[in-house]
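So you can see what is in the structure, the chains are spelled out below.
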Amino acid sequence: KAGVTQTPRYLIKTRGQQVTLSCSPISGHRSVSWYQQTPGQGLQFLFEYFSETQRNKGNFPGRFSGRQFSNSRSEMNVSTLELGDSALYLCASGPGGQKTQYFGPGTRLLVL
Amino acid sequence: GESVGLHLPTLSVQEGDNSIINCAYSNSASDYFIWYKQESGKGPQFIIDIRSNMDKRQGQRVTVLLNKTVKHLSLQIAATQPGDSAVYFCAESANDYKLSFGAGTTVTVRA
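Those protein sequences? They're chains U and B, same order as listed. When the letters of the first sequence are read in order and numbered with the numbering used here, they come out as residues 1 to 112. When the letters of the second sequence are read in order and numbered with the numbering used here, they come out as residues 1001 to 1111.
These aren't lab readings, by the way, just hints derived from the structure by calculation. It is possible that some hints are incorrect.
As the list claims (entries may be wrong) - Taking lysine-lysine pairs in the DSS-like style, the calculated list, with each CA pair at most 25 angstroms apart, reads:
| # | chain 1 | residue 1 | chain 2 | residue 2 |
| --- | --- | --- | --- | --- |
| 1 | U | K1 | B | K1042 |
| 2 | B | K1056 | B | K1071 |
| 3 | U | K13 | B | K1071 |
| 4 | B | K1056 | B | K1068 |
What the hints assert, rightly or not - Away from chain B, derived, C-beta distances all over 12 angstroms, residues of chain U:
| # | residue |
| --- | --- |
| 5 | P8 |
| 6 | R15 |
| 7 | Q41 |
| 8 | S79 |
| 9 | A92 |
To be verified - On the chain U side, residues computed to face chain B include the following (Cβ under 10 angstroms):
| # | residue |
| --- | --- |
| 10 | K1 |
| 11 | G3 |
| 12 | T14 |
| 13 | G16 |
| 14 | F47 |
| 15 | S51 |
| 16 | T53 |
| 17 | G58 |
| 18 | F60 |
| 19 | P61 |
| 20 | C91 |
| 21 | P105 |
| 22 | L109 |
| 23 | L110 |
| 24 | L112 |
Please read all numbers here as calculations on a predicted model, not as lab measurements. Heads up, the beta-carbon is just placed ideally off N, CA and C, and yes, glycines get one too.
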């Protein structure tokens, strides 16, 4: 099976802009989670979607949002970008009934 | 082999030796634990997982041990190879599908 794919892989934005990141899960997986990875904070959970519904949410401001489509693909959006949003954004997918998650390669976002 | 009694951010291991990476978790309600390996420029790669009703699980060259009494998790890698050089993360999950990650241990294999 193909693994989790994320697009784009790299992105440069300026403060105040917004960005949309995309994730395609492993075929058959219905759960998609998003994480932010930074050198200072490590890996932090953003949110998790299952069957198009947000099932879990982390402690991030409302500028971070996401959605899941009927084919399980997911997008996350960050509005009004801040310098501190520069990070590696990781998507992970799982079967849904189990907690095992498999990660994609990530999207590296740089905010200038 | 080399072991780390407490969580340390780095571990240097001689090629061929066994490695032990430790992780302490905080949530006594956690019922699922997982280890990932992350190489530079890549996403975390699944290594092995364990549920709280087990105290040991083995994979290919890897063993995970869980001590719920002291809330401690360890990953043992047998016959460490240069390709094992990476950052290793433990993660836990409680009553939901959210993974909470540890700080990570950077393993460097010496030839």
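To see whether the hints hold, each was checked on the structure:
| no. | hint | verdict |
| --- | --- | --- |
| 1 | U/K1 to B/K1042 | 18 angstroms, holds |
| 2 | B/K1056 to B/K1071 | 14 angstroms, holds |
| 3 | U/K13 to B/K1071 | 42 angstroms, violated |
| 4 | B/K1056 to B/K1068 | 11 angstroms, holds |
| 5 | P8 | 15 angstroms, holds |
| 6 | R15 | 26 angstroms, holds |
| 7 | Q41 | 10 angstroms, violated |
| 8 | S79 | 23 angstroms, holds |
| 9 | A92 | 8 angstroms, violated |
| 10 | K1 | 13 angstroms, violated |
| 11 | G3 | 9 angstroms, holds |
| 12 | T14 | 24 angstroms, violated |
| 13 | G16 | 28 angstroms, violated |
| 14 | F47 | 9 angstroms, holds |
| 15 | S51 | 12 angstroms, violated |
| 16 | T53 | 12 angstroms, violated |
| 17 | G58 | 7 angstroms, holds |
| 18 | F60 | 12 angstroms, violated |
| 19 | P61 | 17 angstroms, violated |
| 20 | C91 | 8 angstroms, holds |
| 21 | P105 | 5 angstroms, holds |
| 22 | L109 | 14 angstroms, violated |
| 23 | L110 | 15 angstroms, violated |
| 24 | L112 | 21 angstroms, violated |
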